[in-house]
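Asks: With chain A's structure known, arrange chains B and C on it following the hints.
Top line first, the protein sequences correspond to chains A, B and C. Sequential numbering from 1 applies to the first sequence in the numbering used here. Sequential numbering from 1 applies to the second sequence in the numbering used here. Sequential numbering from 1 applies to the third sequence in the numbering used here.
Selected chain B positions facing chain A (in silico; Cβ < 10 Å): (1) Ser40; (2) Phe53; (3) Ala56.
Sample of chain A residues at the chain B side, in silico, Cβ under 10 Å: (4) Trp10; (5) Leu217; (6) Gln219; (7) Leu222; (8) Ile253; (9) Ser302; (10) Ala304; (11) Ser306; (12) Ala361; (13) Phe374.
Treat the hints as calculated values from the structure; they're not laboratory data. Here the structure is a predicted model, which means the values were calculated and not measured. Glycine included, C-beta positions come from ideal geometry on N, C-alpha and C.
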Amino acid sequence: MEPVLINNLWVIIAALLVFIMTIAVGFLEVGEEGIGMSKSLFKTILITGSAIFFMALIGFNIAFAPTIFHGLIGNPFYNGLFLGGFSSVSQGLLTGVWWSMDANFFNTGLTTGTYFLFEAAFAAVTLALVSVVVLKKMKLSSFMIYSAVYFIIIWTLPAAWIWNPTGWLFQMGVRDFAGGLVVHGAAAAAGLGIMYQIWKEERAKGFKKSPQTPVKLNQGWLALGILLLWVGWFGFNPGSVLAFNSSAMTVVITTFLAAATAMLSTMAVSKISGIGKPDIMSAVNGILMGLIIITPLAGFVSPASSVVLGLLGGPIFVYGSAWFGRRKWFADPVGLLPGHMVGGLFGVLMIAFFTQAPFAAASGNGTLPSGILFGGGMAAISQLGLEAFGIIVVMATVFVLSYVTCAIISAAGSGITTNYAARRRNK
Amino acid sequence: MEPVLINNLWVIIAALLVFIMTIAVGFLEVGEEGIGMSKSLFKTILITGSAIFFMALIGFNIAFAPTIFHGLIGNPFYNGLFLGGFSSVSQGLLTGVWWSMDANFFNTGLTTGTYFLFEAAFAAVTLALVSVVVLKKMKLSSFMIYSAVYFIIIWTLPAAWIWNPTGWLFQMGVRDFAGGLVVHGAAAAAGLGIMYQIWKEERAKGFKKSPQTPVKLNQGWLALGILLLWVGWFGFNPGSVLAFNSSAMTVVITTFLAAATAMLSTMAVSKISGIGKPDIMSAVNGILMGLIIITPLAGFVSPASSVVLGLLGGPIFVYGSAWFGRRKWFADPVGLLPGHMVGGLFGVLMIAFFTQAPFAAASGNGTLPSGILFGGGMAAISQLGLEAFGIIVVMATVFVLSYVTCAIISAAGSGITTNYAARRRNK
Amino acid sequence: MEPVLINNLWVIIAALLVFIMTIAVGFLEVGEEGIGMSKSLFKTILITGSAIFFMALIGFNIAFAPTIFHGLIGNPFYNGLFLGGFSSVSQGLLTGVWWSMDANFFNTGLTTGTYFLFEAAFAAVTLALVSVVVLKKMKLSSFMIYSAVYFIIIWTLPAAWIWNPTGWLFQMGVRDFAGGLVVHGAAAAAGLGIMYQIWKEERAKGFKKSPQTPVKLNQGWLALGILLLWVGWFGFNPGSVLAFNSSAMTVVITTFLAAATAMLSTMAVSKISGIGKPDIMSAVNGILMGLIIITPLAGFVSPASSVVLGLLGGPIFVYGSAWFGRRKWFADPVGLLPGHMVGGLFGVLMIAFFTQAPFAAASGNGTLPSGILFGGGMAAISQLGLEAFGIIVVMATVFVLSYVTCAIISAAGSGITTNYAARRRNK
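Only chain A is shown next, with the shape it has when bound in the complex (with noise of 0.2 Å):
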């Protein structure tokens, strides 16, 4: 199969804008700060070199080889490492496709660099979320480490599962359109992985909870923030078609609208509530908790469900905020679990009550059954079932192998905290 260049063009310039997304989450991190803006930016251009690295080193095939074991994992050695290596006639490299984008399985015409790219990015901008909990508490080599064990096997985990179309739980049925749980659900169970490793060795010191992040807004660094976040879920979700059509341009109708739509809830839930305020804040935090909801079904989505959607994440975000703020187990300043994890599950649920069939379709999803609310009946039962069960999976594994690599690591030197906790406890 030629490649598609009109796909391609769209998906690589998609590419570029989710590669920028995380840098983005450190200007995030400072905006939210207001200090100690070295470590967040730095550790944000850290993890895009390394994504890029060990993704294209072994990573990628991982996640998107034709796989073995069952669907379990992909042929680590598919397509030879770095992409081919030195061969001029690597897959879909110079000519043709990568296979999943040929007309046995997805029929988009992509190669294997726009898929690359594309991949790469959305595998950096998750260690990115992933390590906003670990501001000032863990130390950078330790985190290093993560990073390259993490593109090798944690996050390519579930993307061979759930985007791979010969991994079991894709097989199964369950989907994630742009990664309601490949990306914000596992992020999230990835950084409590983390957490724990910290908190146990927090408890090692004698600490009763964990010292919190002081929150210091820097209004430019974080509007900046959002701002290229923003544009960047422009490629995130859209970009997740793999391909140029009519289901493309309204995916952009359905995350924006969310997004705007989430804004407006959250601060007039804020102000109703009492909880918090209608600030620069809440605005921030709304756009992010529409856009994280809507990932996992922005291309199965009516507009008028998004605005639907992006209503009911005012309430879940200022609620779940309050509820986790008041865990004193952990540090979270970025909110990781109220938007990521808790926005980003209920959105994977969504799909069993919001899709419509026709929307799915044009979007690639010809199998998916229309939801709950728009006459899906057991079919979509089913499908909430499926999505569950997939969630209750991608979350054990990612949780469990981020915690026993945080283990290992800190059994190889000694512990992953830095001694930001024991300064403060001096004070």
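Replies: Same frame as chain A, now just chains B and C:
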């Protein structure tokens, strides 16, 4: 008619670039004011979200649906609320194109999603321009109510009249390529409406002149703002061809060349006249002035004409700015009036002077006659009258709508003005 | 020949990304210097505007019009001033394509508008690189005059020789994919010409060594600068295929992979060698070094070769930087010489080692032989000689032109050096 993919790809990318401009105006304000970052950035984030929400709700229909009442207003319910509501067969969403992009009208094959995002971004950035005059002066709650009214009726009417192919001014022959009148002129008229209400309230508090906002440069944010606006204009003007063809590529040249020339011209005039200095503010204002002037006719003129128009930008801005600087009944810290009003309307009138029919035809404006300087003769003089008529109608309408909106908001609450002015007077 | 729309869309987007890089260099300077924001940002805004103006005026013709005098210079009046003046039938503006993009030459179907914007952006960013050595040292008025000369003759000559298909070095067989010599090498040569004039003036004032500019990191602007440059390089290298095809997508991989690898390599070498630290500056410099080295051959090599080249980037930068750091007759705060000169020219020579003919053919360079490491044999050794010859000719020419230009400006005014040096000496 099938969507024309390359046109949609071009315009949806242009839409994304224009989308960036709204928040960029916030950075520009922060760069020029050096303080009060919070309100500027918060305001432009709010505007962006509100534009998407209210334009999708009903504004897009009012501006761009087939008109009713003899071209006065688009049918608000043409495509359903939120671009088709829950329907999966609505106009141009998953199949076909938006009605005015069909072969009977503009014949560019854009879908609803593409065209909506492009125009919603235009609406957003227009209100961002309006809002530069309310810096520190207007209550945020008042401004939020104003925003909803703005996106439903104030922005949409001139668009329905001039950019909708069944609008009454379009039918008469008024043309405005990318918004010298619909964006820049109308923004100034709306801003004047707000200013007038603020001035009424300030006088009621005993002010003799309107407190001015001090300028204190922050060059990092200023440079970021101008960079994003410059890049955004790449979407604004070339995207306004609504198709990717030779004209679109030529509009890139006319746009960037006008900006570059006006930058040099403004710096030179600043130095020679002794009004201001050839510094970074002068360069930034020059770039903006060039972009503003070329906007209404970027698709109608040759590259050399854009140089001439850019050259005129320098003296117009420098002397215009000095003239408005002596008016004391309003505060216009970021130059809405000398920049957007004078520059935008000047550019609209220049349509009747600089248009070359082959350029206009290539950008889809086949009926526009060549200008007075290019042998247009009586047809060009008639066009000049038409443009002047359009200016008067639009400016008067928008000013009145804007002022009445503010007066009602003021009456419903207790004024729209913050106590910023009061605080300053007491010093 | 009709314009090939997808190629034009790709290259015009690439042009926009490259356009961003010039101002990004200003952010990088601000990030690395921490002070003197004003001059860096103002300077790069000026460069951008001047590039567009002077390249359109005549520079683009000098570089890219059909050559005269045996390939020495493009016909300055080929397409008229300002890309066709007031004519609506000029070359490739509203119909047809730029002559060298026709089937007789590069056969990519680019219009004048597309190709102009792409190359004007390259010219701009080249001068931005040159200008990092004049930070706080050269009078702004002198620099503005220098800019005009630069865009008319200094940038354009090497481009006419190597990138114009009738240029004499191109005809001999010298190749430079995206500007290891035409951009990075030539920027260093031009910078050396300016440095030499400044050093002459400093010696005349009694200096024994050239005052160095202190480094004081501002990590926010630094991160923004590197993000924009990284994104911009997406346009710089992949856009240099001048077409959207499989090669363009592969160049994305080679470019980003070299950057990622060099980031890791530079950090590792910094740590192991004890020269510097594996900090954010080391990561940023590593990314830049990888991008610089891969630039001249990104379209000629396999992904694995780009990893090898990236690995070499670390030691070359770290030791090169240490070596240049001991030279005291100039100030090079942002690493023009160890980065752009050493990296760029090293990359140019590597063409003769790492090229694989199928990759080169896919990017439109069908006559380039495979490199020494890929069985190129005598043809590759001959290519090595050609590249070395090209380096010598271009570096010498640009150095002399740059120095003579500075000397004349210096003689016409009273030197080109600010009294910055004087001020510091008195402290």
